[in-house]
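Chains as they are written, first to last, in our numbering: chain A, 1 to 89; chain B, 90 to 1109.
Incorrect hints may have been included.
Listed below are several chain B residues computed to face chain A (Cβ distance under 10 Å; list not exhaustive) [to be verified]:
id, residue
1, 127
2, 376
3, 379
4, 380
5, 645
6, 648
7, 651
8, 708
9, 711
10, 739
11, 1039
12, 1047
13, 1048
14, 1059
15, 1088
16, 1089
Rather than coming from a laboratory, the hints here were simulated on the basis of the structure.
Ideal placement from N, C-alpha and C gives every residue a C-beta, glycine not left out.
One letter stands for each residue in the lines below.
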Amino acid sequence: MSRKAGAQTAPAAEGAAKLKMSNTKFRVLLIIPMVILALVAILVTAAGTLLGSTLDTYLGKGETYVETPSDKTSWDSNYYVPQVTQGEE
Amino acid sequence: MREARMTRRQLFGAAGSVAAGAVAATALSGCSSTGADMTRTAPQTPDPTQAKDAAYKVAARIQDEGTVLLKNSGVLPLAKGSTVMPFGRAYLDPIYGQLTPGGSAKWSVDPVTPEQGLSAFSIDNSAADAMRAAGDPEVLEEAEGTAPAGKAGSLLGGDCRIYEYDPSIYDGIAENRAATGIVFVTRAGQEGQDQKMDAYSDGTPHYLALSQSERGAIAAAKRVCGAVIVVIVGSAPMEVGDLMSGDLEVDAIIHYGHPSERGFSEFSTILDGDVNPSGRTVDTWSRDFTADPSFASVGTHTYDNLPIKSGGYGSSGEFMRTFNEYQEGMYMGYRYYETAALVDPSFSYDDAVVFPFGFGLSYTTFSQSLDSVSADDERVVARVTVTNTGDVSGKDVVQLYVTSPYTELDQSAGIEKPACQLADFAKTDLLAPGQSQTLELSLDREDMASYCYTHENPNGTVGCYVLEAGDYVVSLRENSHAVIDQATVTQDETLWFDGTDAEHTRRSEREAQSVLDDQGRPVEDPTQAYVAASNRFQASSDYMRAQSRILSRANWSGTQPVFEATKSIDDEFATDHDLFVTFDPKTDSRFGDVEGSLVYAAEAPTSGAKNGLVASDLRGVAYDDPMWDALLDQIDWDADKANIVRNFSGDAYVTAAIDSIGLPATIDMDGANGLKVQGSDSGYDMTKSCSYGYAPLAAATWSKDLLYQMGEAIGTEGLAHGISGWYSPGLNLHRSFFSGRVFEYYSEDPVLTGKLAERIVSGTGDKGMYCYLKHFALNDTETGRDRLICTWADEQTMRELYLRPFEIALKGARKTVRYTSDDSGGVAEKVMRAGTAVMAAQTCIGTTIGHCNYALLHDVLREEWGFEGMVISDYWTWNGDNHRDLAMRVGCDTYLCMSMPAMWSISDYDSPTARVCMRRAIHNLAYAVVNSSAMQGMVPGSVQHTEESPWWGIVRGVDIAVGALVAGGVALIVRRTKAEREHPELYKRSKRKQAKLDRKLAEKAAGDKSASEKDAGEKN
C-alpha cells in the first residue's frame, strides 16, 4: 500500500504519526529564513550603494581606463615620465 | 599610448547582455560630449616596485641626514666589529612610528629591528637575554588622580603607558668594560590624543621624561659597560638634562626619530662612522618641559557657560565647549628661550635649555664664515663659506637668523619681537676634510616685517605688516643660541604694508595674487588692486587682550601664561558660536540665500550648455581663463547630482567624477610618513609603498634638496598606484611636545617648516601629485579637536607663526606641467603653482571650525595669498547637512567623510546661491585635478572611466543566490499549498482546522448519506 493510499484512509486523530507536517508550520519555517535572507540581500545591496566609496577604499575599486578621441591616440599623453629616475644622490 | 580600440557602442555590444550592458552604461556614464569616436587607452605609469625601491633610497638618506647626534664625548664613531651591549625594552620592541591603523600615518609591519641594525658590531646579548628571560616588561601606569596613561582618552587607540623592565634584571650581568652599552628609549606619537602631561605612579613627571626604570637601565649600562650611548627612538624631544652630567651622565646621545619600516638599516653606518651625522634639532630641548610657556595650555580647559549640542556621530548630547589660548604668543619654542635670556635677568639659559633649536654634532668639525651680507630694497643676501676642518667627510648646516629692533612703537602697539628668528638655512654638500663650500642664503627684506594687529589703516581696515625703521641684525649661528658672526641691515623708513597702493602691499602678496608667466614668474599688473594682509580674526585678538593674556617683552614677568581649567566666556566672543550647528542656508545673513550676504547670488549659473569641452581640454589653462566658464557652463546639475553632493558631503580618500564636464575621479591618500596604498590590512597594504622616517626626522635633515627628492619619490609612487592626492604634509607646529601629532609635523619653527614644505610640495607637484597642506590652521593639539575646541591667539602670533608655514609653501611651491599645446598634439611645459590643495583644521579659530571659517578659507587663503585650488575638510563625521552647506559656501570645496548619502548630504542644492557656490568649488577642484597626474594618459578630449568595483560581484552573487532561494521557497510553498488543498487529509492540522475539516467531512458524509437516502427513496 502506498503511503498516499494508506494515509487517505487514516483519520487525523488516529494516524497522526504518518501525516505530513502542517502546511502552516511549513510556511512559517520556510518564510522566516526567506525573509531573513531577503533582508540580508537588501542590506548588502544598500550598504554597497551607500558605502560604495568606503568599500572601494578597503576592497578595491574597478579598473580605471581612459577613452581618447580616436584621431588623437598617437599624441603624447605621458605628461609624467613613467620611468623611475630618482633615488640616487 | 597603448590602445585597446573600442567604441562606446562596441563596448556595450561586448558586454553581451542587458545586465552587463547596464554595468557598462554605468561605467561609461557621461562620456565626452564631443561625440567623437573614442578609443580605450591605458596611461603609462611607473612600475610600483621600482618606484618603491627608489623611494627607499631617499628614505635611507633622510634617516642618515636626519639622525641628530646630541652628545658625544668621543665614544662615537664605534669601531666596526667592536662589542655593543643593548639595554632597554625599546631594543626588543621599539616604537617605529604610529602604533595602530588608527591614524593617518603608515604603521610598520615587518620593520628592520635594532638588532638587525647593529649588524656591523659584535652584540653582547647579556642584557637582551635578561630582558627576554624577564618576560613582559613592567607597565607604568598613571599616578592616582592624574590623567589616564592608557587608551581611555584616545580617539584612535593611542597609548601613553611606559613599558620598561625593572632594572634589577640586569643585576647579574658581569662587567664587560670592552663593550659599549646602548640604551634604547622609545616614545609614541598618536593622532587623536595628546601625550600624558602629568605624573606616573613611580614619580615620572610626564610621558616625555625618563622613567625610573629607564634611568635604572642607564645606570646598569654604566655599571657594566665601558661607555654608554642612549638612543632615543621617538619624534618628540625628551627631558634628558640628567644625562648630560652627574650620576646618569652618558657618553653619547642620539636622537634617531621614528624610523619607520627600514630606518634601522642605517643604524650601523651611523654608529661606525660610514655615515657622518648631520641632523640638527628641529625643536628646543628644554630641561623641564613643564616650565615651557606653552605648558599652561596643555590639557583640557572648559568654558562653564558655552554649551553646544553635539552632532558627533553616535552622540547627540550637549557638552560645554573647551578652549586653548596661545598665551605665550610670539614667544614659542626658541623664540621664548632666546628672548628670556635677553630680557629676564633671573633666567639662566644654560639651566633651561639642554639642546638649542638647530643643534647637532658631527664626527668632524667645520668652520663657517659670514663672507658678506648685502641688501637692496627687496632682498637681503648673505654669503657663507663652510670649511671642513676635521679629518672625515661630513655635511654642515648653515643657519641665518634675524633680530629686529624692539621699539617704543612696538611697546605701544603691542608688537612682539623675539630675540631672533630663523630667516633661511642651507645644507652643504658632503665636504671632504679641508674642502670648502660657499653658500648663498637670502630673505626678502619684507620678511623682517612684523604684523601689527592694532594699526588703523587708511582704507578703514585694521592691522597690517610693518617694517620699522632701524637696524636689523642678520646673524650667522651654529644654532638658535650660538652666534658665529653678524651684520646689520638698516631700514631707513618705517614702511606700513597697509594696502594703500602696490608699494604698501608686500611683494609676496602682490606676486601671489598675480598671474604667472610660463616660467612661473609672477606678472604684476599695475591696474590690479592687490589685497594686503589686515585683521581677519579681530575677535581672536580682542579675546586675547580682554579675556586672556599675551606674553610681552614690555612686561615679561607680568604676562607669563597661566593655567585656567575653567572660565566663562564673554557674550561678545560667544556670538554665533553655534552657527556650525544652527546654520540655515535660507536665512543666514552672512552665508545664506539672503540678498547682501557674502555669497548671495540672484541668478543661477548657466548649466547644461553644449560647449564640447571636457576637463582634459583645460590642462595647463590658467585658473581665470574664460575656458573654465565654458566648461563649467556644461555642468548637468541633475545628472551629476549624486557625485556633486558627494563631493560636498562625503569624499573620503577620493574626489568624485563629474561626468558632464569630463572631470575624472581621483584617489587621494593619507600617509604622514609615506603614501598609503590600498590593501587588505585595515584597508591598506603597508608593503606596497615606501615608509619614511617621520616628519621631524625629515625636517632634522635641514635639507631642502632631500625634501624635494622625497616629494618626487612620493609623487612617483602615487603615479604608479593611480593616487593623485596626498593628505600631507602636516604643517602645524611643535608648539607643545605634548601634542600627540608632533611626530607628523616638522618643527617648532614656521620658516623651517614652510621652506621644507615648499620643497616637498614642489617635488610631488613635478610628479603630478597635489599635496593637501594640513591642518589649516592652529591645529597644534589633539585634545578637543573633535569637539569644536575654541582656539584663541592674537593675529600677530597667528600670522607670523601658525599661518606662516602654509603661506611660505603655498606662495613659493612651483611645479612643471606638461600639456598639449596645439591641435596637432604638440606638448609644451609651463611652470605653475604647486600648492593646489589644503586641508582645513578640525580645531576652531575663535569659535569657528576650520572648514567653516570664511576668514581663513576666503579672506586669508584666497584673497591675500591668491590660492587657486581646493580645500578639503579634515575627517568630520558630525551629523546634519547644514554645516556641509556652510562649509561649501565659505570655501571648503570637498568634504572628508565616509560617503553615506542616506545620512549626509547638503540641504540646499537648488538655490542660485548654492549653485554659484558649488560651481566655484567644482572649479577649484577641477583646476587642481586637471593639472595633476590624474590626467596622465589623457590628451584633450579624453575622458576617464572606472569600471564597476569588483566587490559588486560579491554583492550581486549574494543577491542572485538569495533571489534563487526565495524563489524556490515560494514555489515550494505554492506547490505544497496546492497539494494540501487537494488532499488536506494528508497533512497535520491544528485542532481548530482539524475540527473545521471534521465538520466539513461530517457535513459531506451527512450530505452523502442524505443523498443516498433520497436516491434510495426515489428508487423505491
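Checklist entry - With a cut-off of 10 Å, does the beta carbon of residue 1088 of chain B approach a beta carbon of chain A closely enough for the hint to hold? => result Not OK, violated: residue 1088 of chain B not within 10 Å of chain A, min 12 Å.
Item to check | Restraint outcome when residue 1039 of chain B is required to lie within 10 Å of chain A by C-beta distance | outcome: With a closest approach of 6 Å, the residue 1039 of chain B hint holds.
Checklist entry - Does residue 648 of chain B pass the interface check with chain A, least Cβ-Cβ distance below 10 Å? => result Where the cut-off is 10 Å and the nearest Cβ of chain A is about 48 Å from residue 648 of chain B, the hint is violated.
Next on the checklist: Quick check on the hint: residue 127 of chain B CB to chain A CB, less than 10 Å?
Outcome noted: 4 Å, holds
Next on the checklist: Does the closest beta carbon of chain A sit nearer than 10 Å to the beta carbon of residue 1089 of chain B?
Outcome noted: Given a least distance of 12 Å, the restraint on residue 1089 of chain B is violated.
Checklist entry - Per the CB criterion, is residue 739 of chain B less than 10 Å away from chain A? => result Holds. Min distance 7 Å.
Item to check | Restraint satisfaction for residue 711 of chain B [CB to CB of chain A, less than 10 Å] | outcome: Check failed: Cβ of residue 711 of chain B comes no nearer than 17 Å to chain A, outside 10 Å.
Checklist entry - Is the hint on residue 380 of chain B kept, meaning its closest Cβ partner in chain A is under 10 Å away? => result Status violated, d = 42 Å.
Checklist entry - Was the hint right that residue 1059 of chain B lines chain A, CB cutoff 10 Å? => result This interface hint holds because 8 Å falls under the 10 Å limit.
Next on the checklist: Given residue 376 of chain B as an interface hint, is its Cβ closer than 10 Å to any Cβ of chain A?
Outcome noted: It is violated, given that the least Cβ distance between residue 376 of chain B and chain A is near 37 Å, above 10 Å.
Item to check | Cut-off 10 Å, beta-carbon criterion: hint that residue 708 of chain B touches chain A | outcome: 8 Å, holds
Next on the checklist: Tell me if the interface restraint on residue 645 of chain B is satisfied: Cβ within less than 10 Å of some Cβ in chain A.
Outcome noted: 47 Å, violated
Of the numbered hints stated above, those contradicted by the structure are hints 2, 3, 4, 5, 6, 7, 9, 15 and 16, listed in ascending order.
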